[in-house]
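2 protein chains.
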Amino acid sequence: MASNDAKKTNVGAKSGGKKKEVKKETGLGLFYKKGENFGEWYSEVVVSGEMIEYYDISGCYILRPWTMSIWETMQAFFDGEIKKMKIKNCYFPLFVSPGVLQREKDHIEGFAPEVAWVTKSGESELEVPIAIRPTSETVMYPYYSKWIRGHRDLPLKLNQWCNVVRWEFSHPTPFIRSREFLWQEGHTAFATKAEADAEVLEILELYRRIYEEYLAIPVVKGKKSELEKFAGGLYTTSVEAFIPNTGRGIQGATSHCLGQNFAKMFEINFENEKGEKSMVWQNSWAYSTRTIGVMVMVHGDDKGLVLPPKVASIQVIVIPVPYKDVDTQKIIEFCKTTVATLSEAGLCVEADFRDNYSPGWKYSHWEMKGVPLRIEIGPKDLANNQVRAVRRDNSAKVDVPVNDELAERVNGMLADIQQSLFDAAKQKRDACIKVVKTWDEFVEALNQKKMILAPWCNEEEVEKDVKARTKGEMGAAKTLCSPFDQPELHPGTLCFASGKPAKKWTYWGRSY
Amino acid sequence: MASNDAKKTNVGAKSGGKKKEVKKETGLGLFYKKGENFGEWYSEVVVSGEMIEYYDISGCYILRPWTMSIWETMQAFFDGEIKKMKIKNCYFPLFVSPGVLQREKDHIEGFAPEVAWVTKSGESELEVPIAIRPTSETVMYPYYSKWIRGHRDLPLKLNQWCNVVRWEFSHPTPFIRSREFLWQEGHTAFATKAEADAEVLEILELYRRIYEEYLAIPVVKGKKSELEKFAGGLYTTSVEAFIPNTGRGIQGATSHCLGQNFAKMFEINFENEKGEKSMVWQNSWAYSTRTIGVMVMVHGDDKGLVLPPKVASIQVIVIPVPYKDVDTQKIIEFCKTTVATLSEAGLCVEADFRDNYSPGWKYSHWEMKGVPLRIEIGPKDLANNQVRAVRRDNSAKVDVPVNDELAERVNGMLADIQQSLFDAAKQKRDACIKVVKTWDEFVEALNQKKMILAPWCNEEEVEKDVKARTKGEMGAAKTLCSPFDQPELHPGTLCFASGKPAKKWTYWGRSY
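Residue numbers (this note's numbering), protein chains in the order written: chain A, 1 to 512; chain B, 513 to 1024.
With the rest of the complex left out, here is chain A:
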């Protein structure tokens, strides 16, 4: 394997002073294996794949260009879709005054322990400490109260792309649990509950599309339990993904109906068409850079990242494979022509012409970075007027003739890869789903790291009880969501945990 070759040359400038040429330390194989030590593998792959650099403040991470281009692709999609829905972008301050932050009791109880406080500027103490937004409900809604007067001011639909801070103490993980992260947060107000309900689902569908169409990750759409819903909201819907290696569910994105609770606290009233005073119905919804962590966890392998073509900033990497006694310049030219042809067809293609790395090193490097398709061009390809295409996801190799159909063929391969990634992820996820009906089955399935679908009485006390009974080193089980797509619930079905009549099927499991 090239990665072994490459390791030999792994000498950093600042350690091995005498080497004339400096070799990069990236792209040279992973020390940990995904199946053996998932946590270490994940930390290693996000760094070696050049997505993340660890930062000198715990829980904060540097998002490198390889990450940001994925974020920007999702952002372009989502921002375009919400603009079609007449949702407008705005920007509210990073800072919240304590009085406003604490206005909604349930809400602040949910966030208070994680709030970071600014108390000093320069050498001066501030008169009043100022909070950094953990989310912006309480930042925004005093102004919704001001801006909304009559029914013609509704709906009010705003979104912002920003950073938020949650000073979590449970062990931080890049993308998945970080103290600062990037997200969009939508905040909308409607005259009627029906409009709010409809938007909750419309946004949730966009989140499903981000996961399934862009990141090639299957998700379950559903409703959160009362215990797991957004603090201060009426109900929460989510898309839930699953990480087979750890047997943990992961909340992918949430779309909340806030009901009229915040409206009451912040006095967001309007005069309706009959001239009566009414209260608005509100939603809030968000997805964050966590999406990218889920993508790494689901698709990555022992060679590194695996990027779905739709979010890869480089979809195809062209690598010249020179041989001694062969005209290297001709190979380079052939590579350049190939890049030009594919670029003109709208594909994101680059060539790696660096002359201080071997082709094998380059293969490993771009595999580590997860580029979906590699094109190798050597003397034989030149002679046969073909290129060799190698898929990142399954290592399949195919010789593709260089003719008018090249771009179309490559494009087709990328579409295939995108679909294959989704199919493989779905197959693995589905293999983890276990339907259980009794407590014993539940415990067994939990030990087997399953995503458990069980009939439930839908009582909060029962969920608390399940949490208490499954508490342990691995973390307690909880509800992930009640899927909108409900299997038939036969009359007389009992709750797996309480033995009371079941009200719905619900996914349970450990989670991130």
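Worth double-checking, as some hints may not be accurate.
[Stated by the list, open to error] Partial pick of chain B residues on the chain A-facing surface, computed with a CB cut under 8 Å:
hint : residue
1    : C602
2    : L606
3    : V612
4    : R615
5    : E626
6    : A628
7    : V630
8    : G634
9    : I642
10   : R664
11   : W679
12   : S682
13   : R866
14   : N868
[Said to hold, decoys possible] Ranges of calculated distance between the beta carbons of each label pair, as one might list FRET restraints:
hint : chain 1 : residue 1 : chain 2 : residue 2 : range
15   : B       : E862      : A       : E344      : 48 to 54 Å
16   : B       : D618      : A       : F353      : 38 to 44 Å
17   : A       : D423      : B       : D618      : 56 to 62 Å
18   : A       : G346      : B       : E862      : 46 to 52 Å
19   : B       : K909      : A       : G346      : 43 to 49 Å
20   : B       : Q772      : A       : D423      : 40 to 46 Å
21   : B       : R866      : A       : V128      : 40 to 46 Å
22   : B       : P610      : A       : Q486      : 19 to 25 Å
23   : A       : N272      : B       : S907      : 34 to 40 Å
[Said to hold, decoys possible] 16 Å max Cα-Cα, derived EDC-like pairs, lysine to aspartate or glutamate:
hint : chain 1 : residue 1 : chain 2 : residue 2
24   : A       : K120      : B       : E626
25   : B       : K595      : A       : E350
26   : A       : K34       : A       : E44
27   : A       : K120      : B       : E680
28   : B       : K600      : A       : E350
29   : A       : K464      : A       : E228
30   : A       : K88       : B       : E1000
31   : A       : K86       : B       : E862
32   : A       : K223      : A       : D485
33   : A       : K84       : B       : E862
34   : B       : K596      : A       : E350
35   : B       : K658      : A       : D56
36   : A       : K83       : B       : E862
37   : B       : K1015     : B       : E1000
38   : B       : K632      : A       : E125
39   : B       : K595      : A       : E72
40   : A       : K380      : A       : D327
Don't read these hints as lab results, they were simulated from the structure. Virtual Cβ for every residue (Gly too), placed ideally from N, Cα, C.
Position chain B against the provided structure of chain A, taking the given hints into account.
Then chain B, alone, in the frame of chain A:
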């Protein structure tokens, strides 16, 4: 005037309870005049034009959608251009640890008094206080040191779009001087000074284009004095705008060559092609939401905002003008067809069909928001198959026949408006430029609120002395920049302030 009409109906829902229909409070004329009370006018116009909402933390402002769409237009342009230059986006954390922040002495002296410190999370004191970035040199450069090993790692060219915090105590002003603002900050490292120098100017040219091509504001490109350059940098270039009403210069955006100063502090070394250890040359450059404030100050008038068409999210507003006894529905249809025609041609057009506002109210409202062109459609227009177009910038009215050339005509009018705004702004700015050669002329020009071009000996002590001698209620005079476009400096010309031989022409004035 329509604005008088409109004022009569200005009854808010929450004050006048018995009104059946609620009238908006926006768009109903300004209380202050630009020429009489500029500061109050500015505060009023950014709020009434729905760009800004004041926030309950001093120095923080809410950027409303009308602002964000302008920001996004400039962002799309600039981001596209820097991507062509192979500059990549990244995202570094909001937080800086104190040790790193203080690594570069001159730099931190420049920013220390304005740094906001997080000292608590939830109820717990942090072990070490953590700073919020006022800019990201010290956040990023430790990692540049890590990533850069050999000459092949150069150039390293990163940019980020983010918020920064500078807890200023001098009086805050929306966009112009706020405690949190949005910006882009580029940070690049090169093997040679020549490459860094070239990029400084390439970026500065993009900043000029943002001001001149997008915001229709004339700027002077030049070099900052030693006293005014970026703290810790080698030299600073800037684009400088001027606000005739206040007679103050305003730094529009800056492109700094940092030299090797940060490289030394952060040990950003590389092995060059000869195998020798070298230090990188660095640049940093930024423009912020301040740009939007300059736009408001330069173009706004007593009716409200005036938006250049290239940044206006609504370029054309179509307003039906119904008359009694006339078929309103036909007018509405005619409006809709007009909107469709212009939209198809790529223009940003909306119609205002609200039936609870008079046409006069709507004129005022959209004038307040600065929409470049208004199209009025009444019964006479319907009969003559024409529309009436009214320019926001000069109130010129023209009847335009509705035929195949409509979109082209309207597009032409928008281009005209864009150019007229620039020309008018340039004429006003140029009228403020005063060339002086003696101290007496200088003082006189300063009192006349001029942008003063004077021969200068280029000595730091002399600039300090000028500052000291002009200190007063209005603020001291300082250098704005030495323009790249230097008038001829005749031999023997003396410095206006010191009487020593002049080295260059420099702009002086009070500034924001």
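**Study point:** Pairwise beta carbon distance, N272 (chain A) to S907 (chain B), judged against the given window 34 to 40 Å
**Key:** With Cβ atoms ~38 Å apart, the hint holds.
Practice item. Below or equal to 16 Å on CA atoms is what counts here, so check K595 (chain B) against E72 (chain A). Key: With Cα atoms ~13 Å apart, K595 (chain B) and E72 (chain A) stay inside 16 Å; holds.
Check your understanding: Between R866 (chain B) and V128 (chain A), does the beta-carbon spacing fit 40 to 46 Å?
Key -> Holds, since R866 (chain B) and V128 (chain A) (Cβ atoms, about 41 Å apart) stay within the stated range.
**Study point:** Cβ distance range 56 to 62 Å for D423 (chain A) and D618 (chain B), holds or violated
**Key:** holds, 58 Å
Practice item. With chain A as the partner, please determine if C602 (chain B) meets the hint condition of a C-beta pair closer than 8 Å. Key: Holds, because the Cβ-Cβ distance from C602 (chain B) to chain A comes to roughly 5 Å (cut-off 8 Å).
Check your understanding: Between P610 (chain B) and Q486 (chain A), is the Cβ distance one that fits in 19 to 25 Å?
Key -> violated, 54 Å
Review point. Given the hinted pair K464 (chain A) and E228 (chain A), is their alpha-carbon gap at most 16 Å?
Key: holds, 11 Å
Point to revise | Agreement of hint V612 (chain B) with chain A interface, Cβ distance less than 8 Å | key: Check passed: Cβ of V612 (chain B) comes within 7 Å of chain A, closer than 8 Å.
Practice item. Sort out whether E626 (chain B) lies within 16 Å of K120 (chain A), counting only the CA atoms. Key: holds, 10 Å
Point to revise | Restraint check, 8 Å cut-off on beta carbons, for A628 (chain B) near chain A | key: Holds - the Cβ of A628 (chain B) comes within 8 Å of chain A, reaching about 5 Å at its closest.
Review point. If you take the shortest Cβ to Cβ gap from W679 (chain B) to chain A, is it below 8 Å?
Key: holds, 4 Å
Check your understanding: Is the straight-line distance between the alpha-carbon of K380 (chain A) and that of D327 (chain A) 16 Å or less?
Key -> Judged against 16 Å, a Cα distance of about 12 Å means the pair holds.
Checked against the numbered hints given earlier, the structure breaks hints 4, 12, 15, 18, 20, 22, 30 and satisfies all the rest.
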